[in-house]
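Which chain is which? The protein sequence lines are L and W, in order.
For the first sequence, counting from 1, position 241 maps to 241 in the UniProt record's numbering; every step adds exactly one.
For the second sequence, counting from 1, position 30 maps to 30 in the UniProt record's numbering; every step adds exactly one.
Bear in mind the hints are in silico, worked out from the structure with no lab data behind them.
For every residue, glycine included, the Cβ atom is placed at its ideal position computed from N, Cα and C.
Just to be clear, a hint being listed does not mean it is correct.
No farther apart than 27 Å at their CA atoms in a straight line, the calculated lysine-lysine pairs in the DSS-like style are these [claimed, not checked]:
1. Lys141/W <-> Lys281/L
2. Lys281/L <-> Lys260/W
3. Lys281/L <-> Lys277/W
4. Lys277/W <-> Lys256/W
5. Lys54/L <-> Lys277/W
6. Lys23/L <-> Lys264/W
7. Lys256/W <-> Lys281/L
Which residues of chain L face chain W? A partial, calculated answer using Cβ under 7 Å [said to hold, decoys possible]:
8. His44
9. Gly46
10. Ala53
11. Asn57
12. Glu126
13. Leu144
14. Ser145
15. Leu254
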Amino acid sequence: MNSIIMSFENVTFTYMQEDESVKPAVNDLSFSIQDGEWIALVGHNGSGKSTIAKLMNGLLFPQTGKVEAMGKLMSEESLWDIRSQMGMVFQNPDNQFVGATVQDDVAFALENNGVPHEEMVVRVKEALQQVKMADYLDHEPHHLSGGQKQRVAIAGALALRPRLLILDEATSMLDPQGRMEVIETIRELRKATGLTVISITHDLEEAALADRILVMNAGEKQLEGKPDAVFRSGNELTNLGLDLPFSMRMTHLLREVGIELQGEHMTEDELVDELWTFYSKK
Amino acid sequence: MDILLQEVGYSYAKDTPFEKRALTDVSLHIPSGSYTAIIGHTGSGKSTVLQHLNALLKPTEGSVMIGGRKIEAGVKAKNLRDVRRQVGIVFQFPEQQLFDETVLKDIMFGPLNYGVSEEEASRRAHELVEQLGLPPEVLTKSPFDLSGGQMRRVAIAGVLAMEPDVLVLDEPTAGLDPRGRREIMDLFHRLHIEKGLTTVLVTHSMEDAARYADNVAIMHNGRCVVTGEPVEIFSNEEQLRDYRLEPPRTIRLQQKLEDKMGIKLDSISLTEEALAKNIALALSEGRDSE
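If we strip away everything but chain L, and leave its shape as in the complex, we get (with noise of 0.2 Å):
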């Protein structure tokens, strides 16, 4: 269990790097990711989010430091084999589906990678039901909702049954609805199997869950921990174009207007517990 899926030492990459006046995108950046950990990768746009996923999956080599997955260093050589054992969703539904139907389209990876048919099958709908898309096998992709496509496109990541999934921002252009099912889909597949999730994300509701936040500024990490310590860090985050949770707002807007509340709360219920203790007291 305590085996290390994806680690970055000292990475540092420069989009062109002939201009010296291009800061780095990912500027020394080190981090370990253990196998069945939930990690929530959080920054303000530009932060070097997408250039960190470039890395883990080798369409993007450091220019100094070195990434190692699946116990491998990532090279021209290795990444074929690193590649088949992650999966990843991107942030736009639409620019990722070439099935006809649902059903075609999570094959398709299956099909490229020369898994039988019946074996396919098989696959097919184990993974539609990890992702609860099972009645829509004959649909076609376009009529679906924002979640459930990308629910579609889990299932398509999950039919190759990978050690890692890597969400990239793939919640971000869905309305309320699709975001929780998508959250509540990850969070059920973490469950049911303990696959290692990296969530690539600035939905903080969202981090929130995660097992650990990096939280990354301008290419370098800026803070790492549990979701409760480092929304604790409170200002330093709001600093960083970050957010805090709704109930976390709420108890420092609470504090502003004179109310002493004691509690940092994550949750809802929390704050209110304690505002009807606070109230009974008095």
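Chain W: place on chain L using the hints.
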């Protein structure tokens, strides 16, 4: 500038086997100077309504009055140039529409097409870049070398450069980080006030609708089912749920608190700041009465 939809119906691919009805009997008044939020579940017809606001789509039934101009079903609408200038639409992910070599040229493109002089178009671009909080250097850069948040602002500047009377916003903050989102929404609110614009916001965010709008319309299954002030709309939880919408988080929290404590706060809290004040007030009253 007022916009008035009267019994508007719209079918995509009308009179073909693929005909699909998107709007039915929509009557909606967007008063001049108002900040109107159009909310509704995905697929409720919000985007179709939006495209009627500057005659990108023409109703297949009923009529749309845009200022003094009437667009009527079955009547050919000619020369829509004025309408298109007066009603500016910021579409979702507007940065996808950037195309020119430099930011300056991109922003000037619209006004130049409408016969505005080089000098005036350039003046507007410079002014807008500043108003949108972008550094002046960006004017000479390629729009494609900017960050996502900056590209969004440039695209918005391109719409504002036409000096529209009505600004229509379709999920203008989708995909932006929290600070970017707040900055852009505050900016639109400021422009709304300073320029006396009529603003129409199409959004999934009940929080934004509650915070900024003074007029709210709910779309459901291609119909405009309710219009009213935010306070009425958002305090009616049952109605919202009927239309598959959630009340804003502030109101949900207020409700939880009221249920738990067995009290009623003074007013419906449309913003987080208002909720904090309302709670403080209730707590101090609780203290006084004992």
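Checked hints:
no., hint, result
1, Lys141/W <-> Lys281/L, "violated, 61 Å"
2, Lys281/L <-> Lys260/W, "holds, 14 Å"
3, Lys281/L <-> Lys277/W, "holds, 20 Å"
4, Lys277/W <-> Lys256/W, "holds, 16 Å"
5, Lys54/L <-> Lys277/W, "violated, 45 Å"
6, Lys23/L <-> Lys264/W, "violated, 54 Å"
7, Lys256/W <-> Lys281/L, "holds, 19 Å"
8, His44, "holds, 4 Å"
9, Gly46, "holds, 4 Å"
10, Ala53, "violated, 14 Å"
11, Asn57, "violated, 20 Å"
12, Glu126, "violated, 28 Å"
13, Leu144, "violated, 11 Å"
14, Ser145, "holds, 6 Å"
15, Leu254, "holds, 5 Å"
In summary, the numbered hints that this structure violates are 1, 5, 6, 10, 11, 12 and 13.
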